[in-house]
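Protein sequences, first through last, are from chains A, B and C.
Those letters in the first sequence? Residues 1 to 388, per our numbering, in order.
Those letters in the second sequence? Residues 1001 to 1266, per our numbering, in order.
Those letters in the third sequence? Residues 2001 to 2315, per our numbering, in order.
Calculated directly from the structure, the hints in this document are not laboratory data.
There's no promise every hint is true.
Stated by the list, open to error - Residues from chain C that face chain A, not an exhaustive set, calculated with beta carbons under 10 Å:
hint : residue
1    : 2084
2    : 2103
3    : 2132
4    : 2144
5    : 2147
6    : 2148
Stated by the list, open to error - These stretches of chain B come out as covered by chain A in the derived footprint (C-beta under 8 Å, 3 or more residues):
hint : stretch
7    : 1089 to 1103
8    : 1114 to 1125
9    : 1173 to 1187
For clarity, every value in this text was computed on a predicted model and none was experimentally measured.
Note that beta-carbon positions come from the ideal geometry of N, C-alpha and C, so glycine has one too.
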Amino acid sequence: MTVDWIALAGAGAGLVSAAALPFLSLRPNRILAGVPQYAMEVLGAGSVLIFTAAAAAAVLAALRRRHSGLDAAGTLVSGAGLASLLPLAGAAADRLAGDSAVARVSAGPGLWLAAAGLGAALFSFSRRLPSRSALRLAAALAIPAAAAAAGLAGLLDDLSLVRELLSRRDTFTAELVRHLALAGGSAALGAAVGIPLGLAMHRRPRWRGLISVAVSGAQVIPTLSLLGLLIVPMAALGAAVPYLGRIGVRGVGWAPAFVVLFLYALLPIAGNTFAALGAVAPEALDAARGMGMSRRQAFLRVQAPLALPVILAGVRTAFTANMGNAILAALVGGGGLGTLVFLGLAQAAPDLILLGALSTSTLALAADRALALAFRLAVSRGLRSEAP
Amino acid sequence: MNDASGNPAAAQADSRRLRAPGWVFPALLLAVLILSVLRFDLIESLLGIRARGLLVSRIPLWELALQHLGLVAASSAAAVPIALGLGIAAVRFSESGLRALLVAAGSAAQTFPSAAVLALSVPLAGFGFAPTFLALSLYGMLPVLHNTIAGLEGVPEAAVDAARGMGMRPRQVLIRVQLPLALPVILAGVRTSVVINTAAATLGAAMGAGGLGLPIISGIRSFDPALILRGAVPSALLALFADASLRRLEDRARRAAGGKPDGRGA
Amino acid sequence: MIRFRNIVKSYGSARAVDGADLEIAPGELCVLIGPSGCGKSTLLRTANRMVEPDSGEVFVDGRPVREHPPEELRRGIGYVIQSVGLFPHMTVGDNVAVVPRLLGIDKGEIAGRVDRMLELVGLSPEWSSRWPRELSGGEAQRVGVARALAADPPILLMDEPFGSVDPLTRVRLQREFLAIQRRLHKTVLFVTHDVEEAIRLADRIAVMRSGRILRHATPEEFVATDAEDFVGEFLGLEYGVEILSRRRVREVLRPAAEIGSDPGAPSIRAEASLKEALGLMAARRVECLSVTDGEGRRAGSLRMEDVLGTWKACP
Ligand SMILES: Nc1ncnc2c1ncn2[C@@H]1O[C@H](COP(=O)(O)OP(=O)(O)O)[C@@H](O)[C@H]1O
Ligand SMILES: [Mg+2]
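In isolation and in its complexed conformation, chain A is listed as follows (with noise of 0.2 Å):
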């Protein structure tokens, strides 16, 4: 038993910082600066809840060199402080707002900070629990499950970022929409034609070394940079095929990036393919044609079903990758997120750009997740390694 040193120093800071930081910044409108709100003002009782979650959490930390089994109570007490911080922070900024339609009440480095040192101390304490034990999926989930219920009961109405978006709510899902389309559709078809590619490349020795220059290449070159070079291509493209240019592909909107898109989504699922294919243990396949299987069930009973980890590895980087990267499409006018973080930026409005980039990270990280989950039910159990 030694303590936590982990577990210590994030339910320390968060401590400190949720007492001594502002917690919440509160601005008479949009433009004008913010008045620091310090929690023990603001929060009332709720700051009690909070330090007191978090000063039992060093303490249960510290107390671990003695004491063996407090890893559950440490779990308990830092999820519980830190699934409390949102609904408490929204109840905060509606007493702050009162009943000004313009004042904006926004996180404070307190808040952030507080989260992120609970959010530390209870990644270290639940990390230690049974892998399989409720507690554990039961932190996991608490959080979100508290910052959606407070979401729906109105509790986060106050907030700045909330405001920004239920003032624009419409604009919001429509780009956010596009962004899925644009993404998503971009990096289907970039498995669509990036999987035989990578096969082709199997097939075909000679291609390999050009394929792999071209695939460093593509990744190596700034995402700006190509979406710039494309404007011209495409717009002749669009001049060029008049179906083409009724369906919108010009110099701008969003067919450049459509392309950049799928380009970036396209090399590497290719080359992933093209590697895996290349790592199937040459014994296995030995074997399979050693046993009498023609080349085409070798392939599709053997070398594919090895391969696909690591092809599937290659599209899900490919999606998380294009759901963050398709930001840059509403520089060319091509719509999405992006549109509400450059708006954000040439406004000068913090948070729109916060939740531009907030909801942009959440999709990538969801698409990831989300991703990993079905694949890991694609792939053989004989081929899953142990880790969730």
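Start from chain A and add chains B and C with the ligands according to the hints.
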């Protein structure tokens, strides 16, 4: 031939033919890069176009290139040592849970798009050099951290064991055995970091940090393809140069660590 | 049953196999032995057309193999390799069932056969649902053998099948394989570079060097080899001792009645090999052992000259 076995020798010869003598390619890229920055008009007349924009012509291209270079150099100079230190600490004190925390946080952060990190730094640090520098430094740490941990953990157990058996102290094992053997992997992380930051720095223009992204963004706004090229060509060359020259460094380290000089792969 | 006639195979300018001739009789376990790189695997792989010879011909059952489509030929020949080549994405049971499924045998029959094959190699039917990554090296090799036998092929090709397991496991696998072979009487071509393994398993040994078969004979016949030539050098001076492992004490012991009792003599089981008996004599510095039967009763005695005299008993 109906042999079921492949022909690895031929594939190897294939890739060897493609690998030019190490320094030629980076040197060529550097020459073209410098030329394009100093005399972009040559490229323009070659393509028969000319930028209309009046906005950027006041800041010479070489100055934008230097701004860009400065951003990347400053952020990498901050990111690499910090990430290296964190990675070493994570491996040395892995029982403390530091490794688990850093790996989990790092892989979650990796799914964040670089553009989002850049944009998020504006509310924190305002406009200009500072938020871009902050974002690039943070984002640039991820590949170095990841590869430092992977590299140190990939050092053969037997080598570490032998070093300890010969009486080296943990610090000596780290400096004389683990770090030299992990160096190629760590350098691959540095390369990825620098290349990503070179690309992300073009977005710095949207945060008011200048750089080669400026002509691209102004060109897109004013629909001026020639202006876009002014930024796009040098920034692409810069990224390719950074990649090629760091690969070369990596190959050297790999040879020094007794491995095959193969710059491909992660 | 299998006949290689003047096989030549080159890779680039190097001759992997350089005019090899070999004939294996039905039911014979032929061990092909030679230094690493001498062309053993290449020669073995011409038998199931994994390698096509540049010239020469392989006959199976009197018919040239090139007249068979390669896939059909291979489905009728069991194939075991050193690295096992189990398919990691299939369970043990599915691995064993690969060839029966390729042959279109019906499901119910396959399930029963998988269980029987696993039992044959000493694994219970529960192993059927395990994954290859959960197996030890020895267990994986057993599954490899079961997989090769699953379609009941008359011929087995085995390329250093026990080469990658520890020595104790290897000896156990050899013993079990020999027991299986005594029941099934397959025609086996078994490649190894381990002389002891060859002695333990072979009906006949073929010694190969630089792509040619130098000599093909019973293990006993190799005892008289000139120690100066390549075959003698490769087999080693200890061959004369190693080969004693092929014979049991009971085959040469003198019945109790024949000689007077020798009370101080160390005792040895009648089932022990002559090599073990010689080892015991050397360790105790005696020339006579007392032999006991399965129940521990005295069955006779064994003298040093009986052990040394076994050569003469051989043809
Ligand atoms: N597919 C191949 N391509 C090139 N050379 C090969 C190939 N297969 C075998 N060889 C060469 O042929 C020779 C004999 O190989 P092999 O039959 O595997 O030897 P053994 O099994 O006796 O160790 C070796 O020198 C080997 O390098
Ligand atoms: Mg071999």
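To see whether the hints hold, each was checked on the structure:
{"no.": "1", "hint": "2084", "verdict": "holds (7 Å)"}
{"no.": "2", "hint": "2103", "verdict": "holds (8 Å)"}
{"no.": "3", "hint": "2132", "verdict": "holds (6 Å)"}
{"no.": "4", "hint": "2144", "verdict": "holds (8 Å)"}
{"no.": "5", "hint": "2147", "verdict": "holds (8 Å)"}
{"no.": "6", "hint": "2148", "verdict": "holds (8 Å)"}
{"no.": "7", "hint": "1089 to 1103", "verdict": "holds (count 6)"}
{"no.": "8", "hint": "1114 to 1125", "verdict": "holds (count 8)"}
{"no.": "9", "hint": "1173 to 1187", "verdict": "violated (count 0)"}
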